[in-house]
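In order, the protein sequences belong to chains A and B.
The UniProt record's numbering puts the first residue of the first sequence at 1, with every later residue one more than the last.
The UniProt record's numbering puts the first residue of the second sequence at 1, with every later residue one more than the last.
If you are wondering where the hints come from, they were derived from the structure by calculation, not from laboratory data.
Hints should not be assumed to be uniformly reliable.
Sample of chain A residues with no beta-carbon within 10 Å of chain B, all distances over it, derived [stated by the list, open to error]:
#: 1; residue: ALA72
#: 2; residue: ASP90
#: 3; residue: GLU127
#: 4; residue: THR137
#: 5; residue: LEU145
#: 6; residue: VAL150
#: 7; residue: GLY162
#: 8; residue: PRO204
#: 9; residue: VAL296
Each pair of labels, with its calculated beta carbon distance range [claimed, not checked]:
#: 10; chain 1: B; residue 1: GLN56; chain 2: A; residue 2: LEU308; range: 54 to 60 Å
#: 11; chain 1: A; residue 1: PRO294; chain 2: B; residue 2: SER320; range: 51 to 57 Å
#: 12; chain 1: A; residue 1: ASP295; chain 2: B; residue 2: GLN227; range: 38 to 44 Å
#: 13; chain 1: B; residue 1: ALA147; chain 2: A; residue 2: PRO118; range: 52 to 58 Å
Every residue gets a Cβ at the ideal spot worked out from N, C-alpha and C, and that includes glycine.
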Amino acid sequence: MDELARFIQPDETAAAFLARSFVEPLRTGLFFLDASFALRPGHVVELSGPSGCAKTELLAQAAAACVLPAQAYGVSFGGREENVLVFDLDAKFDTLRLMQVLTTRMRDAQAAQGRSLPEAAGQQVLEACLSRLHVVTCHSSFELLAALKVIKPTMTRLEAAGGIRLLLIDNVSAFYWLDRGLRGPMGNSAAIPGGHDMLREGAPLALHRVHAALAAELRKLLRNHRLSILATKHAMLGSSNREEGMWAYREFLPKPWQELVTHRVQLRAAPPPPPGGQPASPLLHFLARWQAQPDVIHHFAVTDGMILKQ
Amino acid sequence: MRLDSLNLPLETAEVEELARHYPSVEHFCSRLDDPAFPTDDKQQTRKQQALGVLHQHILTHVAPPVQSGLSLFAHLRDDVRLLPTGCTSLDGLLRGGLREGTMTELVGESASGKTQLCIMAAVATAMRGEHVVYLDTSASFTARRAAAMYDHAARQEAAPESLGDTLAHITVQRVHNIHALLSALDTWAAYLQAEQGNQPPKRPSLLVVDSASALVSPILGGGQHSQGHALMICLARFLKHMAAYHRLAVLSTNHVVGGGGAGWGSKPEGSGSARSSETRPALGESWRSQPHVRVQLACGEGAARSATLKASALSACEHSVWFELCEAGGVALEPG
């Protein structure tokens, strides 16, 4: 009976629970994400769109917001001073572009606060930023899965050195066609005498198995390290649904990935201005909308250092 | 990769035990469930150790490294060069030239200067004493054209290499189907891999594929080839992998076809010139995201050609420059 009484004793108060479990939402620096919802550990945001709608660019911006310090040498840079891990599956994440974004943001922050850092100090801040960026470039699904299998020591190291809360994946559909080319399971292969493993389960790196393994590994990472994921996906258009027009959308990745994603954002390049009309601004102009909120379309433009609301 | 071919530091029996669960490293990486461990404690720890050894092998031999931004930056600063193409207006558009480790694509209608710029870039690189691999899929490389470009360039400034040496630096391979192209790339990759570290005598710094679309577009579309897309992406990935791994600048070309439809290259009627309003690149939506930099070429009046930046991580796109096609290749024209 005593045991039972002990068992029903509260472990902790609600305040203690809240203090233990409340996590500041993560600000990605992308206004249409931050304004609409709070990114918390376990969330997986998918940015999908055709080529040329600033997907990789948005990841570079989110990476910049991670690695910039909140404050350095008395100048506030508005970053989070955390590590960020990038899985670059398209081999298109450009360190030079990230440096361009970082230097522009640092320059703008100094100008806005009427401060000017000596060059050596600026260089030091930039190098510290770069040291918080970690990139894994994968050229095949095999390399990606292998990297995920052995990522644990790296995660532990990054957690100890400054922390890590965000994982970026550039183009989760990069190997779609390659993996799809491999043979999948043959269905009812029990009927085949001596049915080989290959017939029953398909090639080890066939599309569905890659995505099942990918989702399982990412889920493990999300759980063990309290991460959020921002992933891009190259959307293949050509949905039969013509009513949706430019937002037509067709899901083509296997179920395990679809189930992992918690929030979907669609991106499009803005249609060109009507003939004779003047473009609204000289900057290239893009559109974004939440799949759960199709009425609200966010307009943004990309400059040297920022995502601008239009 | 079969486990028994890896030379893992384990006893044969242990390797066999592992291989019963995971025939290959591919199986190990894509398997979700851990197979049931033997109940015996001692066996279990041995099993764990064997798995640990396999993990270690993957970490050191298979998995791509986690690179810090600092080391990537140091690599860009110290090792990566920009290769001038010889056409100053195009170099200006590309902010210096073709960047090693990346893939640049020239897209344009026929006679817009794609092949000319490819030959020019090859000659400009070979004149500096560097090697070029030129994979010619439509038999459009001619040594006479290359020699004429050399002569013209050598008149501008003294060339360190003679004409014979310059042309000898360009390895031209004629390939006439996608499989031959992939096999040629494979041979080069194997050569570079084998020579890694000791600066091979024929290490190319520029790889030209002119034209990629001539071989790929026939295998795409409506049930013509069941693996068309897989082969296309395979080619793109191979080129990008070689570019990054062996620090090559890759230059490829893509022609355009008529019939816009919903294709991404089409423009609404009334905008742009009449000539380009109805065309789109032959390699479409799935290829579009592959090159790092894309330059669209278009014909102007006479020999004038325009080059427009269509995709780049660093520069704002839609910027155009003009050049003139002539005996010397592409010569920069002043705007206007």
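How the hints compare with the structure:
{"no.": "1", "hint": "ALA72", "verdict": "17 Å, holds"}
{"no.": "2", "hint": "ASP90", "verdict": "7 Å, violated"}
{"no.": "3", "hint": "GLU127", "verdict": "6 Å, violated"}
{"no.": "4", "hint": "THR137", "verdict": "6 Å, violated"}
{"no.": "5", "hint": "LEU145", "verdict": "4 Å, violated"}
{"no.": "6", "hint": "VAL150", "verdict": "4 Å, violated"}
{"no.": "7", "hint": "GLY162", "verdict": "12 Å, holds"}
{"no.": "8", "hint": "PRO204", "verdict": "4 Å, violated"}
{"no.": "9", "hint": "VAL296", "verdict": "25 Å, holds"}
{"no.": "10", "hint": "B:GLN56 with A:LEU308: 54 to 60 Å", "verdict": "47 Å, violated"}
{"no.": "11", "hint": "A:PRO294 with B:SER320: 51 to 57 Å", "verdict": "36 Å, violated"}
{"no.": "12", "hint": "A:ASP295 with B:GLN227: 38 to 44 Å", "verdict": "41 Å, holds"}
{"no.": "13", "hint": "B:ALA147 with A:PRO118: 52 to 58 Å", "verdict": "54 Å, holds"}
The structure fails hints 2, 3, 4, 5, 6, 8, 10 and 11 (numbered hints given earlier, in ascending order).
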